[in-house]
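One line per chain: the protein sequences are B and A, in this order. Count along the first sequence starting at 1, add 6, and that's the number in the working numbering. Take the second sequence: its letter number 239 is residue 232 in the working numbering, and every next letter is one higher.
No wet-lab data here; the hints were simulated from the structure. For clarity, every value in this text was computed on a predicted model and none was experimentally measured. Watch out, some of these pointers could steer you wrong.
One-sided and incomplete, this derived list gives chain B residues near chain A with beta-carbon spacing under 8 Å [as the list claims (entries may be wrong)]:
#	residue
1	E18
2	L21
3	R25
4	D164
5	V189
6	G291
7	L351
8	I382
9	G416
10	V447
The beta carbon of each residue, even a glycine, is placed where N, CA and C say it ideally should be.
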Amino acid sequence: MTATANLATRLESVLGAHRVVAAEPELREYAIDGMVPGAIVRPASAQEAAEVARFAITEKLAIVASGSRSKLDLGMPPARYDLALDMTGLHEIAHFDPGDLTLSVDAGMPLRQLARMLAEKGQFLPLAVPCCETSTVAGALASGIDSTLRKQYGTPRDFLIGAEFVDGKGALCKSGGRVVKNVTGYDLHKLLIGSLGTLALITRLNFRTFTLPQAHGGQVACFSNLEGASAYRDAIEKSGLPLANLETLSPEMVAQTAAVLRETSAEFAGRLDPAKWCVYASFEGNEAVVPRIARDLQKLANEAAAAGSEILDAASDAHLGGILREAFDWLRWASPAVALFRIALPQSNPGDLANLLRVAQDSSLRAALLVRAAGIVHFTLFVESENESALHALENAAARVFSLAGAGHGHATLLHAPSKLKSRVNVWGPNRADLGMMRHVKHSFDPRNIFAPGRFVGGI
Amino acid sequence: MPASLLRELNSLLGPSNVLHKIEDLVLYEYDGSVEKARPDLVVFPHTTEDVSRILKLATKYNVPIVGRGSGTGLSGGALARGGGTMIVFARMNRILELDLENARAVVQPGVVNLDITRAVEHAGLYFAPDPSSQKSCTIGGNVAENAGGPHTLAYGVTVNHVTALELVLPDGEIVRVGSKHGDTPGYDLCGLFVGSEGTLALVTEITVKLTRKAEAVKTLLAIFDAVDDASNTVAEITARGITPAACEMVDGWTLCAIEDYIHAGFPRDSAAILLVEVEGLREAVEAQAAAVEDVCRTHHAREVRIARDDRERDLLWKGRKNAFGALGRLAPSNYVLDGVIPRSKLPQALQQIQSIGKKYGFSIGNIFHAGDGNLHPIVLYDPRDPQQFENAIAASREIIRYCVELGGALTGEHGVGMEKNELMPLLFSDADFDLMRRVHDAFNPDSSLNPGKIFPLSKGCGEIRVRKQAETLPAHV
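Produce the complete structure using the sequences and hints provided.
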């Protein structure tokens, strides 16, 4: 009997055969950067997840929890990967009080299904994240991936009100609660956001929900250069107009977006000029607010001497907004090898952005720039193969991007990179001075280091 | 308290920054809560390095340390429950940087909440968290307690407005977490430290987000003849998905006390009023105000007034924010509670509070953040009567227990402190405490920072440092 079969047999004795899979083809579906787990476990309850954690402690095994596995390429490959814990078996609504706008939902609930259920009550959760057709609620939260509604609704830190989880001692724990305002005890649930499964096994999440807006619309304004687009964006920010989303697309990004758009609407794709910088604004509100914002934006675009500007109706806005929400997903497969950086800067000024484009030019790499809302920049470099010279170029480019971000008082991480590049570059960028404190937190939650070891910042 | 510690602190900070006489120390033995505990020493640092050196000395002499802003807290968070040295941040009160382009301010912990807004309002910006004590409470205290306020309904509590912190750990190490942007790779340490009630580290610098003032604001005053009608109105405003910037409720009895004090034009014969503020684009404000008015009238509001100008609006808010002071005229002391419930349960919660008041023979006023279910029942009592004090504590615990039964929480914005630490098991299991204690011990292993807070004394974390005589003594005795 092989070691893998042994492991599966021992697990089956804990949870039953129907919860454990050790067949090679399925194991491969859970691979992270080429690393394949020894077994897959599919708990159906928080108690079963805790059983798995206790089993892992006893057997000194490493667990990587996942939902739909749509974003397993985030982070570093795990240092050890014995068990893949598939959390999709936990998928119930534990509590929904539409009158209080609060929700408690199991970790593996698909976001799409949740959205349909909330929409029946005229509500929604502002987690507009990529891979939304498949993503689970806890996967979206633990990945830390950006929501395109961040500008209006904030990050999960602003609407996650509590959590239940299994800690690294195999105990069921909770933090926060089900009320919208609560300062009882340490806010441990906030630590789970973007933790990539390194602290605990999330079993349930509590959120405040929001009312669906009556109407929404969008605008696309085009400019002949980066400076024009940036000046327009500044004018929008200074106007105080409440926007749901605001994104600037470089000409290459416009071309890539148009290519995706063409699959569903050639006519709409034809209206995007791939020779221009485009600013996309999305807005929502009541039937009086939406046309008011549209009018104000058109006026601002005229004052900014836009080469063209167009108001999008609700359907077109949803169409383009949806494609941009999914940008992380399709950009990473838009070329045989892709390095996709996420850069957080106090302000995205044209100088910083030009410097990023210069990195690409100097390395003769094709690049797309997507300046997202709230000071987040997605900078994508495309190469045509994973040969040595391409990897070398990406490695050098990564060093410069990390350095540029640091010089701008920001920070860069690699959201996606070829596996071979990850053996040369730490996707989290240079270590920060607070790494020691993060290690304290990790050790408090997971003293035996059983959760996704090595996947996170500084080798956590 | 070792005499050599006093000598070393005098040498480090100068005698004008060190208090050690009883007549000085008694000023620091209370805050806004009903608790009381006297520090052995009070020191006033001017710099982060001062704080670091003080902590190193405290470690050397093995004395507890408690941080304090202006002492307006309502849960005993800034009281020296274990004695020791109190670090008062009143003299670290400089605004270090205003970055208006990025809507950020970098401030020292002793800066008064409202002073941040005053420094940036010329640019159309303000600091959103607005506790009733915002004219005197400090941002450091706000961070420690994760303070709220009326307008947190729409804009969130303090943690939603903090992007970076400079901290001093118990061993004197100075560390920074977060960033001006607010988005850094790794765990959300800012999110952990804000609201940790000074039990993990001392905060010496804070980077806060500034919010742009809305284009339009409307403040509505809805007057009701029945408390149930007012609370049903709040529940329906929430259920309809209307999100006002603020939605405050005051019962008629409290309102009379406020009117006598502030003369804001509140009616003297109502059962309750709602103060509802909507803001945003003009078109949104018009629609929201109309919707709020419609809900009020559906629930039998006797009258709905809209503030005609800033003066009227300011007067209404002055009445709301000075309510606790107004109640001080009615009884020797009052005990302001802080509990949270699901907003859909508001009508039954208010009925239960009145029943509990009757049971214990108290008049209980209600003035609270109705829009987010954050109750502030106010028990008026005479602390010179030990039985009344005991009854006030018993009534408050019964009310908080009821909040938890309804699916709520122990505190919405005042913090746990030493007021509710023994009630924590109502919400948390042994496993929850075990994890919280591990996090606590990772940063504050000897419980030298603010011992006896948050955790029930039976659940560890510094109980050996708590002085028995400091317990349950009313501040106003």
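Against the structure, the hints:
| no. | hint | result |
| --- | --- | --- |
| 1 | E18 | violated (27 Å) |
| 2 | L21 | violated (21 Å) |
| 3 | R25 | violated (23 Å) |
| 4 | D164 | holds (5 Å) |
| 5 | V189 | holds (5 Å) |
| 6 | G291 | holds (6 Å) |
| 7 | L351 | holds (6 Å) |
| 8 | I382 | holds (7 Å) |
| 9 | G416 | holds (6 Å) |
| 10 | V447 | holds (5 Å) |
This entry does not satisfy hints 1, 2, 3, going by the numbered hints stated previously.
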